[in-house]
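Residue numbers (our numbering), protein chains in the order written: chain Z, 1 to 299; chain W, 1 to 179.
Hints are all accurate, no fakes.
Ranges between beta-carbon positions, derived for each pair:
| id | chain 1 | residue 1 | chain 2 | residue 2 | range |
| --- | --- | --- | --- | --- | --- |
| 1 | W | GLN42 | Z | SER227 | 41 to 49 Å |
| 2 | Z | SER89 | W | ARG131 | 18 to 26 Å |
| 3 | Z | PRO211 | W | LEU133 | 24 to 32 Å |
Chain W is nowhere near these chain Z residues, computed Cβ spacing over 12 Å in every case:
| id | residue |
| --- | --- |
| 4 | VAL65 |
| 5 | THR99 |
| 6 | LEU101 |
| 7 | SER103 |
| 8 | ASP132 |
| 9 | SER136 |
| 10 | TRP187 |
| 11 | GLN189 |
| 12 | GLN236 |
| 13 | ARG241 |
| 14 | ASP247 |
| 15 | PHE257 |
| 16 | GLN291 |
The hints are simulated quantities; they were obtained by calculation from the structure and are not laboratory data.
From the three backbone atoms N, C-alpha and C, an ideal C-beta is built for every residue, glycine too.
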Amino acid sequence: MASATSNGACVPTTPRSPQARLAESLIGRPYISHSQVSCYANCPKQFEFRYLIREQPAFVPSSLVFGTSFHAAAAAITAADFEGVERPSVEELVEGVSTELRSSTLPLRFSKGESLESLEGLARRMITAYADSPDSRVEGSVLFLEEAARAEVDPDLPPVEARFDLVYQRPDGGVVIRDVKTSRSRWSQEKLLESRAQLLIYREVVRQVLPEHPAPDRLEYCVISKSARSVVSLHQLEVPRESVGLDEGVLGQLRGFWSSVVAGSFPARPSWQCRSCPYAHRCPEGRQIAQGGGAADDA
Amino acid sequence: MPMTLTLSLSKKLTENFNSTALGVTIGAEVEHSVLADPAALQSRIDRLFAECDLAIERKLAAMSGGAAPMSLVGAAEAHTKATTPGVPVAASQLLGYASGASNGNGQAKLSHSRGRPATESQLRALRSIARRLGIDLQQEAYHEFAVASPEDLSITAASQLIDALKERAEAAAARGRTR
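The shape of chain W in the complex, shown without the other chains:
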């Protein structure tokens, strides 16, 4: 007998003492071959939950004018039930309810970086060149770019500092050769 997998997912968005909750229920027929394979069944369930999640996220984004939610509290349940062959499975059902209104006081707690941070390979190169030159990299980064540590350099700043230190290293090597 064909089986129907019914899943429900609900989410609650909480921000500035206001909350918005949305739920979605989806039903899908499952072949016997999938039911006999626990890993494949789990995979199918994951995919259906993912579809529900995407539907809720889109709805929440639309409700908040496109802004991504700040925090989400999710709850989910899944169960299987037998169906009569030929009976259509219920289509996705979107159940939405909202409470409270935005008071406009919310501030996203996101850090605003001044550019992409230096990559690991840039930092490795900086440390290595600084070691060779016998200079304090932290001081150099502060002196040239007013950042507390080399890790705070942007990719562009790190590139510039690498070039500057390499020039200094080459000049030092050239001086060493002429002595």
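Chain Z with its partners taken away, still in its complex shape:
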């Protein structure tokens, strides 16, 4: 069972499953997502503050707003290509990023040495690199662009929501899922393998949402580095079209996450990341590290 959502609004095609209802009552939404799993893996306590207690964050990391607005800029370029119209100019797109950064309703928390001006400069470098890269040009027909869809990937799990950066059909009929990432540095092969679970989950959602289309046979991460000289690199994972369902490793990861949430297991995982956690002020372990007193430093 699957449903497509648009602009965050769900269009249910079937009555909600018991697991979807359980998810809604626990985390306020009738689905789980890769970002929830990542958040839990990073720190279960942060997950609890964010999704269960729904605590107001003390601030929003500038990298989060920057990443979201960069995605919007990349999507505007892709949309123009698919529609066969002129791409927006780099300056227009930088203006969009700048507006997002300046209109954040929560206080922005900058990294060391960062400012609004430095982020605008970074946006200009990254958008220029992306627009100039042949990897930003895709041929075919758009299916999803900055949209979400949900599917039931396992009877013991709530539906899984995938937030697609881009899903398109190549002229040869193959379906491609592309996720755009901004990164401090280039991705290694190890990083690619670490990240494959997200795209495998997305593939299963696409397979169910688009039963009339061939299952996606190419999964891509388009990585744009935040370095002084921004570099665009495309990392591809080929998957046989006939492959069906999630492999046991990915399914096990989702099941482990969900059973921990249902069991109410939210231990704090103190690390250097507590310093940029917007809930650290509410967390005894995190507060200590955020104030510079903690020993945990596994960076």
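Take the given structure of chain Z and dock chain W to it, following the hints.
Below, chain W alone, put in the same frame as chain Z:
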């Protein structure tokens, strides 16, 4: 002193003038640290209610042969009471009662779509290409796929229409270049 949180949840399923009601009561010990934190306590209560809800949903689904209920009327109450340390907390208790029998006349009020509807990005692309070509997209959708509006197109139909209109746009551009 340890506290026990006792929650009850009951639900009534109404369909075709028949009703089925189920209730569940669950008790759980609560640590003092949770009681001292209103947000954590609320979170624990939410989780217990969710467990009750899931148990009832499963029971209702089993009773109706696996079909999901059409409508649910829920009522819930929660209260805390003191317990003596060491005394086991009552296990979940499932109280079920049913009235009426299915008359078989019920029809699920679900719409049966002909496929997933076109995505927003597909509709944006269609509108943009149609604008460039100077054609009426609604008429085009009706002519090609017999749907009242572009929003009624399926994902597959929208893909086909995008391809067709793009071909037309490219042909028009090529004609423009040769003139």
